[in-house]
Amino acid sequence: ATGGDGPGGTPQTGGTVHMLQNADFSYLDPARGWDGGVNAFYRLVYRGLTMQAAGDAEDPNAVVPDMAESLGTPSEDGLTWTYTLKEGLKFDNGDPITSAELEFGISRAWDPEIGIGSPWLKNTVEAPADYLGPYQSGEHPGIETPDERTIVFHLKAPFPEFDNVVSQVNAVPFPVGTGAGDEFIKDVIASGPYTLDSYTPGSSIKLVRNEHWDPDTDDVRKAYPDAWEFEIGLEGATIDERLLAGQGSDVNAISGKIQPATLARLQTPELQERVISAEAYCVTYMGMDTTQAPFDKLEVRQAMNYAVDRTSLQTASGGNQLALPATTIIPDAVNGHKDFDLYPSEGNAGDPEKAKELLASVGLEGGFSFTLDIRSNPIMQAQAESIQQALAKINVDVQLNVIDTSTFYETIGTPSQMHDAAITGWCPDWASSSSTMVPPLVDGRVITEKGNTNIAQINDPGINARIDEIRAMTDLEAANTEWGEFDEEVMALAPIVPLLQEPSVFLPGENIAGYIPNTSMTDLTIIGLSDPSRG
Amino acid sequence: MTDTLLHVRGLTVGFPNAHGPNEVVKSLDFDLERGGALGIVGESGSGKSMTSLAIMGLLPKGAKRTGSIEFDGAELTDLPERAMRSYRGDRIAMIFQDPLSSLNPYYTVGTQIAEAYRSHRSGVTRRQARTIAIEAMERVRIGDAAKRVDHYPHQFSGGMRQRVMIAMTLSMEPELIIADEPTTALDVTVQAQILDLLAEIRSDTGAGLILITHDLAVVSEVTDHLVVMRDGDLVEQGPAERIFTDPQAPYTRMLLDAVPRIDDEIGLLRTLPTTEEAR
Amino acid sequence: MTGETVPRQTVPTESSSAETLLRASNLVKEFTVSGGGLLGRSGKFRAVDDVSLEVRKGETLALVGESGSGKSTTARLIARLIGTTSGTIEFDGREVHALTGKALHGFRSEVQMVFQDPYSSLNPKHTVERIVTAPLAYQRRPIPGGARAFAGALMERVGLDPDHATRFPAQFSGGQAQRIGIARALAVSPKLIIADEAVSALDVSVQAQVINLLRRLQDEEGFSYLFIAHDLAVVRQIATRVAVMNGGRIVEAGDRDAVFGSPQHEYTRKLLAAVPRIRPEWDAARRRNDQARREREDPGA
Amino acid sequence: MIRFVANRVLGMLIVLFLVCLFTFVIFFALSPDPAVQICGKNCTPEAIDQIRANLGVDQPFWTQFGTFLSGLFAGRAYGTGPNAIDCAAPCLGYSFQSSQAVTDMIVQRLPVSATVAIGAAVLWLLAGVAGGLLSAVREGRFADRFIAGLTLTGMSIPNYVLALSLQFLLVVTLGWLPFPQAVPFSEDPLQWFQNFLMPWIVLAIGMAAVYTRLTRANVIETLQENYVRTARAKGLSPGLVWRRHALRPALTPIVTIFGMDFAGLLGGALITETVFGLNGIGKMAADSITKNDQPVIMGVTLLAAFLVVVGNMVVDLLYTAIDPRVRVGSSA
Amino acid sequence: MTFTPTELEVEGAAGGEVVREGAPVPPPASGRRVARAFLRDRAAVACSVYIVLIVLMAVAAPLLVKISGYGPLEFDQDAVDPNLGGIPLGAAGGMGADHWFGVEPGNGRDIFARIVYGARVSMLIAISATLLTTALGVVFGLIAGYFGGRVDMVISRVMEFLMAFPALIFMIAVLSALPAENRQILLVLVISFFGWPYLARIVRGQTMSLKEREFVEAAKASGATSAQIIFKEILPNLASTIIVMTTLAVPGYVGTEAGLSFLGVGVVPPTPSWGQMIASSVPWYAVDPAYFLIPGAFLFLLVLSFTVLGDRIRKLLGEGTA
Ligand SMILES: Nc1ncnc2c1ncn2[C@@H]1O[C@H](COP(=O)(O)OP(=O)(O)OP(=O)(O)O)[C@@H](O)[C@H]1O
Ligand SMILES: Nc1ncnc2c1ncn2[C@@H]1O[C@H](COP(=O)(O)OP(=O)(O)OP(=O)(O)O)[C@@H](O)[C@H]1O
Ligand SMILES: [Mg+2]
Ligand SMILES: [Mg+2]
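Protein chains in written order, with the working numbering: chain A, 1 to 535; chain B, 1 to 279; chain C, 1 to 301; chain D, 1 to 332; chain E, 1 to 322.
Note that these hints are calculated values from the structure, not bench results. Keep in mind that a hint or two might mislead.
As the list claims (entries may be wrong) - The list that follows gives simulated cross-link-like pairs (lysine-lysine, DSSO-like), each with its CA atoms no further than 30 Å apart:
id : chain 1 : residue 1 : chain 2 : residue 2
1  : A       : Lys206    : D       : Lys291
2  : A       : Lys186    : A       : Lys86
3  : A       : Lys338    : A       : Lys356
4  : A       : Lys356    : E       : Lys66
5  : E       : Lys66     : E       : Lys211
6  : B       : Lys64     : E       : Lys315
7  : A       : Lys450    : D       : Lys291
8  : D       : Lys291    : A       : Lys156
9  : C       : Lys102    : C       : Lys57
10 : C       : Lys44     : E       : Lys315
11 : A       : Lys356    : A       : Lys297
12 : A       : Lys297    : A       : Lys257
13 : E       : Lys66     : A       : Lys393
Bear in mind that the values here come from a model prediction, so they are computed numbers and not experimental data.
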């Protein structure tokens, strides 16, 4: 990430920051929502035991204490993790936050209809199979609260990265007994620096200061502006136009990444000064169903890796500012990344000759045809069309199957419905390690009928064993190095074709300061205005 | 009473187009005495309606009228539209063939009857106009006029609609009534009533009448003077009795021979080789 | 050019011994009139109420009455264009009121119709040739001598130029168009022609031509007419016998002269009284003058 | 009259019922499993089954349809137990993607759609009738032919092409209008007006063209009616002839189609709202389609059909009031 | 998008069920005279020429593309600038001798080739949909109008119901939920499914008045069956209506296809269609207006041409009274 204070100088206290966005947040309830956009929003209003470090920190991927006095203390066997809460923590109505509220809030993750967000709590904390959350089953049997400030988690199995689990957005406190049904979908009970002023779904959210948040208890959040306004439902092009024009309150506006078309218009020095780009935390790849011909043959998969023209993919995705060729599964920005390219080509433009050779070696010199599932999204369609063009050179005919965005993941996550291959992306659940980057894509034991993430359906005993081995390592630094090695080992089997890392370009308003955007999650809590009186 | 009410000379109506003047009424001359009844007969398309519309100054778009039409000493063809308007409805009234399409479906018959009166006489209140409409309806013997004055045209039968049309002309006591095929769409019994009614009104008010029809029997009963037209030409004109007893033009004779009689003469009807035979 | 003057001729009084061609007994037709919409109660309206009539071979039965009295409905019942509610129809000794489908074709070639509006009764998109051969085509009968020749012959019979066989109805005048309608009726050599107001829409001179044509054809070929009209003067010219309808019923029927000379029913009298007429003394005077003129112009005659 | 109204209402209810049934059948067949949506990422098949049972989506079709219908009138709850979600009548469904009752979503966006629809309707009605009258009066002359050209053009521009062109021209190139920004009227009337101006124009142009032609044709035809001639024969002034005898009959049919067009537009101008980023029902529908949020699509479909059907009925009733011929009791 | 296939439909709507009576059906205008009048009409000729050109272009697409040198799916990396989001190099969207109409940003596909191939899709879909709609509309309209009563009641209800439906929303919803295979056939089916009532209503009205004409009765009296009456007697009289309605329907369907593709539920990529091209140009219209203007202009002109043509044909046939 680009460090520093951002283009507008030093953030000052006061004013209102505007966020222009297309889609509404998935849920205001952190037990339900779990994606980059809403995670950044939750950070403004909710606090957990730990959290990802500030955007301007040395290592922004690191996990640091939030409401806890320090990171968790594991027991000898790694099965019990204990945290101690800071003093003076309060909800937005002034009620104190104790371990009971935290336990209650965390236990909501087990409710089958509410706890649909991050699965990590459920995956790691011990609970009977019939425990269905606080509303149906009462107190959580796997979490203890010996006193008001201490909370103890009993795990199913040792999990060295448990600090990451309690940094997940669904590990936040709520007043005991609240939040059944759809209560929190439109309401917020804040523990962070801001609380909800008004919410019009699909159109706007206004946040104001939570008077009961004590900055002294919070080492990360700066909370410069007095208020936040999220304008929702704007078209991408409109957002860009407004940011370019910077009229009125738009000088105080930020937004997600800009559209490729806008790039060409950022060429004036004034605009160049405002432009910030952020590294990719995700990989865009093509997964091939390794259980079916022809992708059951290693040579064919390798041929695919050789044949794709990553330069053309790059241009189709918006050029070199918005896309970089990917040859590894782990993106550069994620801890554990190792640089390698097992299937090199001149200028990343693909090596059709090599690919043809490989195909010929398995008797497929005449080519073949396969169906590629893609999402109905212009960029993804452009990428698919590029692959189509590149593979045509080796006589491979690609049929595109465009699937509606809403059903896309459901379809490709259902092995019986997915076609021969699919283009999709993957991001780590936390960037501080690659433990959540590679395994979900290649672990043969996570293949399920529905919600499958291993779309290549590769089930290799060697790979499975390696995953268990690295996960058990308690030295997280060493583990990350191993994940990098693991990445290369996996790519030798070529279950997927890494295509691109897609960094983003952002154009904050002129008066924005402290803005360090990030493609995984932008830290909103350190943003402010350089001149709060403007706009 | 030799006072001429209407004096038409050289009346020509044409629809000029690329091929020429296309005259449908050609240099027509006739007179109507005050209180007299003139019949204009002729086949379909012979220009009867155009003649009547020319007198009213209501020719359709694109029509060109020349010649002279003198009404009560005033030359109508020279009159500006505004002045002509004061004649229409007030001094010259017209009754059209198809009473349903000639009445506006959106307004009650009362409104439409009183409309002419209200527009020609200033300061008439709604109530007065209504009374006048009721009186007019009573005069054409529409029963329960006080109630039916508020009905709409479609609620009346064909004969009654025609009575409404007549009532419409009555309120102004016009000096000339032009009736263009007023009974063509009606049954004989109803036709007889309407013709009686017209005769009665004429004797009451002394209005002149131009009755346009293709039915010779009808004109023979109603009018005292006859104009026979064919293809826009005046074939023959004169007192009714003369034309019926001693028609001069062969066309008139043929026409008279072609009329089926109810009283007399059964046999092949005489026909002229008409233009159509020549086609 | 004064045109042809046909000597007046007296139509022989019909012989009551003539054979019956058509006999309709106790015909009833009820129409369902809906009150409109889904909730509307539907009622029954009797358009034809117990009508019995017969048409003899070679004679013309005229059906008169005011508008809406059920004349057309009766005609359509007899022509089997609509089904009867009750009653029987016997044609040439056969019961025909229950025939359907193909079985009806035989009847269709013996009974034909001529309609009121010449233009409306001819399909504007069909040529004369197609129109007049349509009955044969629809009944899947061969066209003797080919369509062109057959149509030409028919057209000649009704006094049309056979060269105009490829023209469309709109290219003919009203009287000519009506002749096409008659030609079509003749195509199948019917025994009975039902003429529903066949001359009502025509100008007097044209009307006269058509009446003359109908009479000539009857004289030449001997078929029967059921002649529907509301114009009593026309009826008197063409009818052998007359039936007067009112309100769906036949109120009076009999020989023409009987009905016109001494009407029995009050409605018939009212109807007759209402007919406008040219004074007979004027007609008489005109005939005298006419005679005189003719003698003047052509002393030899 | 009462019979007529009752008949009309009954007919309308039948059509509405059919619309409901048809929509429900289609969406029943096409709909992705709401349980899967609720269950979210990392869901287990057991959890899905439990949610399905909770929502009643495992019930047979007719049961679900019954629940849906009763939800329309009496409201319903999604799920059981502490997490049950209440959907008050008239419940058009619940969007599990937006976590909102469809009815609420519609009600929230109705003001925007109504503003768009009303503004456009006023514009096209005024322009259409004025253009049509002018054309009719100047029949065959330059003005008429000029307007005819305009209307053909207006009818032929696909409205997204028009919308984009206008935006490109007026906003990007000329900068006469600012970028649309959601502001309520009370806050900044000028910006509010500028926001809606382009959508109004875009929606109005095609319609105005149709109305111009319709008005022109009706006026010309009415002027040829015999009763207009009668009116003139009565010696009425041209103003009176026009006002009473020409305009009223000529414009009455326009009322009928106007009612339906307006009702249709109220259900959302899909493309226009999307292009201009107006948060109305149309945009909501378009977004829901992209997200495959079937309950919302179904709700909007029903609403739009309801508006059209009701609009149709209102127009019919209105027609009986303006046109005496169709007044009940007469068989016109 | 206002969903107005033609304007006749609206005029039909105005009269509601009322069939204008007494309006005589004009006698058949002689074909030669109509043709001559048509040729004198400069606007009509210009429109026909444009339509013929587009049709030729669609038919000759492979040939044209061979001449221009780039296929519709071919990427040309050299024509775009990877440093600026893939904007075409050169002025006016990269127009020049190489790429006559410029290239698409991002992938450098030749716009000329895509326009040419897009014409194929647009015309194919619009014409197929028109044919299907016409067939359905005519048959159902004839049946409803001729038989009346219960049959009419059922068909009319179905039509009313289909017309009450917010067709656009529904089409999109259905199309987006259906699989992408055979998308063009689906498009035609879906468009026709909602389109036929508009024609059927007019055909029904005219049939109702035509069947009152005496020639129908005459045919019946001559032994014609219902089918013969419908198809031999009544149908020929609907010819001009159908011709006019059809020419006016084509632009509606061209627009509908483009609209659906614009909304992303039309043709499947990489197949080009004008609507799809316009949709993908939306984010670029400020930087690369040519990308939007070219398909926009082609589409607008095609729709305009058909509309004007339909209008003129209607006038000719309508005024063609002898
Ligand atoms: N607007 C017009 N343009 C051109 N010619 C017209 C127009 N109106 C009428 N004509 C022609 O003028 C001639 C005379 O028409 P007119 O209506 O006066 O006949 P008519 O004697 O009243 O016939 P009918 O008995 O059928 O009413 C007809 O040949 C008709 O075709
Ligand atoms: N299909 C029908 N449905 C309902 N009523 C009908 C139908 N056909 C005819 N009628 C009614 O039956 C009655 C008789 O009609 P018909 O046509 O036989 O009369 P008509 O004597 O031929 O009259 P006109 O002289 O006007 O032709 C009329 O009141 C008419 O309204
Ligand atoms: Mg006339
Ligand atoms: Mg009749």
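Each hint tested on the structure:
no. : hint                  : in the structure
1   : A:Lys206 <-> D:Lys291 : holds (25 Å)
2   : A:Lys186 <-> A:Lys86  : holds (29 Å)
3   : A:Lys338 <-> A:Lys356 : holds (28 Å)
4   : A:Lys356 <-> E:Lys66  : holds (27 Å)
5   : E:Lys66 <-> E:Lys211  : violated (55 Å)
6   : B:Lys64 <-> E:Lys315  : holds (26 Å)
7   : A:Lys450 <-> D:Lys291 : holds (20 Å)
8   : D:Lys291 <-> A:Lys156 : violated (37 Å)
9   : C:Lys102 <-> C:Lys57  : holds (25 Å)
10  : C:Lys44 <-> E:Lys315  : violated (45 Å)
11  : A:Lys356 <-> A:Lys297 : holds (14 Å)
12  : A:Lys297 <-> A:Lys257 : violated (39 Å)
13  : E:Lys66 <-> A:Lys393  : holds (19 Å)
Against the hints set out earlier in the document, violations occur for numbers 5, 8, 10 and 12.
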